[in-house]
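> If you follow the hints, you should be able to join the two separate chains into one complex; please do so.
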Amino acid sequence: MKQEYTISLFTEDHIGILSQITIILTRRQINIESITASESAVKGVQMLTLVVRTTAEMVQKVARQMQKLVDVLKVFVHTSDEIIYQEIALFKVKTKGLMSGNIIDHIVRTHYARILEVSPEYMVIEKTGHKTEINNLLHELEPCGLLQFVRSGRIAITKQVKELNAYLEEMDEAHQYKPDKIEAFN
Amino acid sequence: MMTDSEMMQVNEQVSNGENITGAEALLRCLIEEGVDTIFGYPGGAIMPVYDKLLDYQDKIKHILTRHEQGAAHAAQAYAMVTGKPGVCFATSGPGATNLVTGIANAYLDSVPVVFITAQVVSTLIGSDAFQETDILGISMPVVKWNAQVKKPQELPETIAKAFYIATTGRPGPVLIDITKDAQIEKLNFKYRKCNYLRSYNPHIPLHRREIESAAIMINHAEKPLILAGHGILISGAEKELLQFAEKTGIPVAMTLLGLSAFPSGHRLCAGFLGMHGNYAANTLTNEADLIIAIGMRFDDRVTGNLKKYAKNARIIHIEIDEAEINKNVIVDIEINNDAKEVLTELIPLVEKKSYEYWIREFRIRDKVEYDKVIKPETRPEAGKIKMGEVIRMVSDLTKGDAIIVTDVGQNQMAVARYYEFTAPGSLVTSGGMGTMGFGLPAAVGAKIGRSDKQVVAFIGDGGFQMTIQELGTILHYKVPVKLIILNNSFLGMVRQWQDMFFEKRYASTEMVNPDFVTIASGYSIPARSVSERKDLADSLTEMLKAEGPYLLEIKIDKEANVLPMVEPGASVSEVTLTYKS
Numbered sequence: 003m004k005q006e007y008t009i010s011l012f013t014e015d016h017i018g019i020l021s022q023i024t025i026i027l028t029r030r031q032i033n034i035e036s037i038t039a040s041e042s043a044v045k046g047v048q049m050l051t052l053v054v055r056t057t058a059e060m061v062q063k064v065a066r067q068m069q070k071l072v073d074v075l076k077v078f079v080h081t082s083d084e085i086i087y088q089e090i091a092l093f094k095v096k097t098k099g100l101m102s103g104n105i106i107d108h109i110v111r112t113h114y115a116r117i118l119e120v121s122p123e124y125m126v127i128e129k130t131g132h133k134t135e136i137n138n139l140l141h142e143l144e145p146c147g148l149l150q151f152v153r154s155g156r157i158a159i160t161k162q163v164k165e166l167n168a169y170l171e172e173m174d175e176a177h178q179y180k181p182d183k184i185e186a187f188n
Numbered sequence: 047m048m049t050d051s052e053m054m055q056v057n058e059q060v061s062n063g064e065n066i067t068g069a070e071a072l073l074r075c076l077i078e079e080g081v082d083t084i085f086g087y088p089g090g091a092i093m094p095v096y097d098k099l100l101d102y103q104d105k106i107k108h109i110l111t112r113h114e115q116g117a118a119h120a121a122q123a124y125a126m127v128t129g130k131p132g133v134c135f136a137t138s139g140p141g142a143t144n145l146v147t148g149i150a151n152a153y154l155d156s157v158p159v160v161f162i163t164a165q166v167v168s169t170l171i172g173s174d175a176f177q178e179t180d181i182l183g184i185s186m187p188v189v190k191w192n193a194q195v196k197k198p199q200e201l202p203e204t205i206a207k208a209f210y211i212a213t214t215g216r217p218g219p220v221l222i223d224i225t226k227d228a229q230i231e232k233l234n235f236k237y238r239k240c241n242y243l244r245s246y247n248p249h250i251p252l253h254r255r256e257i258e259s260a261a262i263m264i265n266h267a268e269k270p271l272i273l274a275g276h277g278i279l280i281s282g283a284e285k286e287l288l289q290f291a292e293k294t295g296i297p298v299a300m301t302l303l304g305l306s307a308f309p310s311g312h313r314l315c316a317g318f319l320g321m322h323g324n325y326a327a328n329t330l331t332n333e334a335d336l337i338i339a340i341g342m343r344f345d346d347r348v349t350g351n352l353k354k355y356a357k358n359a360r361i362i363h364i365e366i367d368e369a370e371i372n373k374n375v376i377v378d379i380e381i382n383n384d385a386k387e388v389l390t391e392l393i394p395l396v397e398k399k400s401y402e403y404w405i406r407e408f409r410i411r412d413k414v415e416y417d418k419v420i421k422p423e424t425r426p427e428a429g430k431i432k433m434g435e436v437i438r439m440v441s442d443l444t445k446g447d448a449i450i451v452t453d454v455g456q457n458q459m460a461v462a463r464y465y466e467f468t469a470p471g472s473l474v475t476s477g478g479m480g481t482m483g484f485g486l487p488a489a490v491g492a493k494i495g496r497s498d499k500q501v502v503a504f505i506g507d508g509g510f511q512m513t514i515q516e517l518g519t520i521l522h523y524k525v526p527v528k529l530i531i532l533n534n535s536f537l538g539m540v541r542q543w544q545d546m547f548f549e550k551r552y553a554s555t556e557m558v559n560p561d562f563v564t565i566a567s568g569y570s571i572p573a574r575s576v577s578e579r580k581d582l583a584d585s586l587t588e589m590l591k592a593e594g595p596y597l598l599e600i601k602i603d604k605e606a607n608v609l610p611m612v613e614p615g616a617s618v619s620e621v622t623l624t625y626k627s
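The listed protein sequences derive, respectively, from chains A and B. To convert, note that position 86 of the first sequence is 88 in the numbering used here; the numbers rise steadily by one, no gaps. To convert, note that position 565 of the second sequence is 611 in the numbering used here; the numbers rise steadily by one, no gaps.
The set of hints was computed from the structure by calculation and includes no laboratory data. The reader is advised that the hints may include incorrect statements.
Said to hold, decoys possible - Taking lysine to aspartate or glutamate and the EDC-like style, the derived pairs with C-alpha atoms no more than 20 Å apart in a straight line are:
1) A:Lys63 with B:Glu380
2) B:Lys232 with B:Asp101
3) B:Lys207 with A:Glu14
4) B:Lys285 with B:Asp412
5) B:Lys373 with A:Glu59
6) A:Lys70 with B:Glu79
7) A:Lys63 with B:Asp378
8) A:Lys76 with A:Asp174
9) B:Lys357 with A:Asp15
10) A:Lys98 with A:Glu128
11) B:Lys130 with B:Glu79
12) A:Lys70 with B:Glu368
13) B:Lys197 with A:Asp15
14) A:Lys63 with B:Asp367
15) B:Lys239 with B:Glu79
16) A:Lys76 with B:Glu368
17) B:Lys207 with A:Glu144
18) B:Lys353 with A:Glu59
19) B:Lys354 with B:Asp367
20) A:Lys76 with B:Asp367
21) A:Lys63 with B:Asp346
22) B:Lys430 with B:Glu178
23) B:Lys550 with B:Glu605
24) B:Lys239 with A:Asp174
25) B:Lys196 with A:Asp15
26) B:Lys354 with A:Asp73
27) B:Lys232 with B:Asp97
28) A:Lys96 with A:Glu128
29) A:Lys70 with B:Asp545
30) A:Lys63 with B:Glu368
31) B:Lys207 with A:Asp174
32) A:Lys70 with B:Asp345
33) B:Lys239 with A:Asp73
34) A:Lys94 with A:Glu128
35) B:Lys196 with B:Glu178
36) B:Lys524 with B:Asp104
Claimed, not checked - What follows is a list of derived Cβ distance ranges for each label pair:
37) B:Ser173 with A:Lys98: 26 to 34 Å
38) B:Lys421 with A:Gln31: 41 to 49 Å
39) B:Glu556 with A:Gln31: 33 to 41 Å
40) A:Glu35 with B:Trp543: 14 to 22 Å
Virtual Cβ for every residue (Gly too), placed ideally from N, Cα, C.
Excised from the complex, chain B in its bound form (with noise of 0.2 Å):
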């Protein structure tokens, strides 16, 4: 550890131009560009960096989780939750791989986390040498940009590079593999911020014609229908979109990762789309004449079947990333720009309006899916804790201002169905790769980035068990995050298919678990376990208010299904609401 005024003579001797070493440099950069918070797991190549890092421990925090795809894990829900990049650290060849899970994760959601790996000595590269991996092929197709530092000058420009596109245009992961050597040699540092590169330019000018077509595309719908994607919570368009919302009077539908972007009890708000998502909103998809899609992707578990999808209605596709448009939809109008700026272009454009029997039909459609799912799912009268019931409780008791984690599967789903999101940005789930085993070290990624925030998340017994090690973590560093298992003894979502598409044969679904109630004590984390109705309450508001991390196993239901489902190869507008097994 230094002292502040040996600390003072290196910031002396680098604006010298002391030669440094290239793993100081490393840890330089990071500090230029606010970084103050690593995830990672050290290992043989990468060790000069850890090294380093106990001279700068007093600005750069670097918590050790148990595996490295924790830290990937962790890394991204820490970028989700503060909206700075996430960094992440690993050593080669098994560091590196375990590593890929994370950063594809990152890839399909959009989040931006610099992944910092080591390399052997550049001289054995390619040589099969000991944990020597190709981790930038491996990684390539799940990164938005790599690349290798073989000498330690090259060190600064690259990292600058990285942080610039993982963090604009549509975020994404960075993969930057350093050598030992050029970890261990010495350079003549300067750091320069990187804000252009000739071949990538994240500032698309605004295309006004695009704009004002919309405009008057808007002004003559009936029944519009606005889709909110993830794009607005990067781009920090909540307040535009609420603007424009309620300007329109258009009612608003949310993706998985789009949640929290429109307030949960505004009268605007049409909830959630896609296969677990709201019959108003996925069945009146088919019934609009007019499609506002912003920052959102089409994904097939939001659309359903492409060839029976919004046939009836005219598409504007607000979309930062060109290659999603028309990717799986054709639309009729693309704006390929920043949700923020187009929205703001478009408020002034658009007549104030309102389509009161259209609202209508969401309330009437609500109603169905009310009596039908909503009411036994959050307010049963006995049999077993139901998933919907447990969430609902947690959304009153944090009044829908808690960070949400979630981890894969029926929690997932009962999560984005029950949790009444106020609060932008307060879910923390994996969207396009369905990472069994995210919610844990997520959940420690997130506490970690706002510590101001109550932070729960829903877990399911299966993908606990995958990244199970990350207690270790949450014991290492006393991070004060609240877990809740729902632990139905199966691997809920698959069972699920299996009931309902697999004439009930439950193939390795059911679950042998161990008292997880005893685990947590090894780990001194308080625990209890519930299993009736009415230690329900009691037991959430006993971890809600427990000062330090908690785990609460519920049991629920064994064999409940998440409904109502857009059953594969379905239409959005074939909504399965009740189902018999």
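Only chain A is shown next, with the shape it has when bound in the complex (with noise of 0.2 Å):
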């Protein structure tokens, strides 16, 4: 059964990554529902953060072949209850159609949107929150005079306590490992 997964990676910021990691889901006919690429609390590493809707079996599969690639650092994949995310909008409606009744006051209170500029033409609000969110303000405004809408990506953050700055430190100890003091690691 498809699902939405949220693929999280880490990366070296290295030229093409972005390009490594399309390719394993293109040839896989998996769409790319968002994408989100930026800096992550760890200096010098990217985070890329991927929204794709597919079986539990191949986000398995493509997930371990983007770990493969060299300059990855570390994929997880969550479903979207194991994660805190936002999106992102920007509406651009004629000003002309929110002046009647109360609907600028209602747009802000009951769908928490913020007013970031007013001019006699066109508004535009802002709308952080889950898509499903952001479609019901844009059904709302569509019969206002919608003249422009823009979504970002998913941003997502992981509830796992382990942080990023763990696995580095492992992946530093894994590599001090030699093939004659074995441990037990599990």
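Structure below.
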């Protein structure tokens, strides 16, 4: 059964890494629903957040193929309930369309949206939240004369306790491991 | 050419941090990595490097192939027989794109080859300059790693990384693209080998709990089977495999690239797996209650129909590449590590056993296969010459000790079936990619890598003509390889499929061939053509005794099929032993 997965990748800042990752998905005909690249909490480490819809089995296969890439430090796969995530959307709406009744008040209060700019011709509204919340606002604004709409990719923070730094330390330790002093690691 | 004193001067300058050009630094890096042979082809963008090669020709031998694809395959074969990484040079644009088949071939078969391509001057990149191509982008899906060098000072570190990545973990090809300005400009040269990358750690800690669980499963099995792959040879675990098999009494079947990992004549040898593999090994995969897969990846040519594969067995998968585990076949115990390390740990934990009843099952099926397929193929009494009898005769004459190179198709499957390998690493073939045209350049690379060994290549008339230009390389460097053209005037394997699955409609498979003996004579290669069985032994002996290169064309049965066959979509237990068209 297909469902939504968030793949969080920590990578070295190597040119072409994004291509290498997307190639793995395009080969398997997996569409990327959203993608966001940013710095991470660790200096020099890039973070990519991808949202894909696929099966549990397939997401494990592609995650392992991503982990195999030389410049990928660590790959995490999460379902939506395992992460805290947000998307941000901007709406440009005709000012005239919003002036009747108390539409603006309603939007700001019930959708927790913000107004970023007001001009006689248009207003720019910002909404941060989950995709469904943003879609709800989109449906309300559409009849009011929507001029532009843009939504960012997902950004996500994982709930797990172990952070990237701990994995990086483990990687350093594993490097010092020599076959002649084998210890039980698990 | 430098004199010794000049060379010493250069060495001294380098240790003092004297400036040298990027081109010279590249060669110094290669020397530091122990490289003494390069396969390649020059062109505009790589000329500064080739110019410097003249100064270093007493340390690095450059083999000029007749096409970049030939250089790529030769470098791969060189790596396979020497255990050292292969190195291959090509210029920008078409030079680089001509490598792609060879790179993909090395990637699918996990062979360490460092490809060096030249790139146009860095200021021209992206402008569709003359002979500019985005080789980083083109090669990305088929390399283990690639990178571009635009500044000479980045060169030593990048080359060091390239060798480290290519040769460790699951080996594979890497590609370094060097702009022409980075070859010409100078740098302060210092070289340090790479042995650590934060994001890439090939040394995986051994997980003892899984190894202990595997041992328990092995000790309780009733019909266990070992599937040995290329990973055994890459890891150098042939001795451990033999020890493990002999202690546990478990039969060993091999994948195409795993052939020669276990001695052919051994009583526990179950032979060759897959589409044209041995009857017992394939059918008993579905009878086994435990499969121990070591250094292999359950390729579709090995498994046949996955839905009906090994359903009675629990599966232990020992594999260094984690991405291969649970990819095609879901396993019960995964041991993500090097084959040799795992087997070394596993051997003391397993009990000494023997499975006479189970081995008997193999012998019964072996007898069936011998009577129906092997005997008529290797000891035919009448009719045209068969591939199998040629290969078995070479096997006997070389005592299974030659390095055997194949092309792709029927010739390859016949070699896999009928050559009795005794020396580990003595088969050079194109497995995952199935690249026709691999054989001839690979034979050149293998012979240059192991001049002490007899190198015999079996090539079909189709594949031979795909890279026939490499006869020029044999002539140029007097490479004493023995080439056997198994000529059926057909693209044999495609014809076989047309025969079996396309109602014998032979679309574009019959070949109008040149006179191969005449072609060989143009390259000053002694050659002979035989079509009669009575001349076979004599001509093969003559070929093997020849001091230099030799080409033997053997005209074989035109419409023979390689059997047995697990037909496409069939299960490994549904083996076609005989086929009447």
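> Would you pick out the hints that fail for this structure and give their numbers low to high?
Going through the list in order, the structure violates hints 4, 6, 9, 17, 19, 22, 26, 29, 37 and 40 and respects the others.
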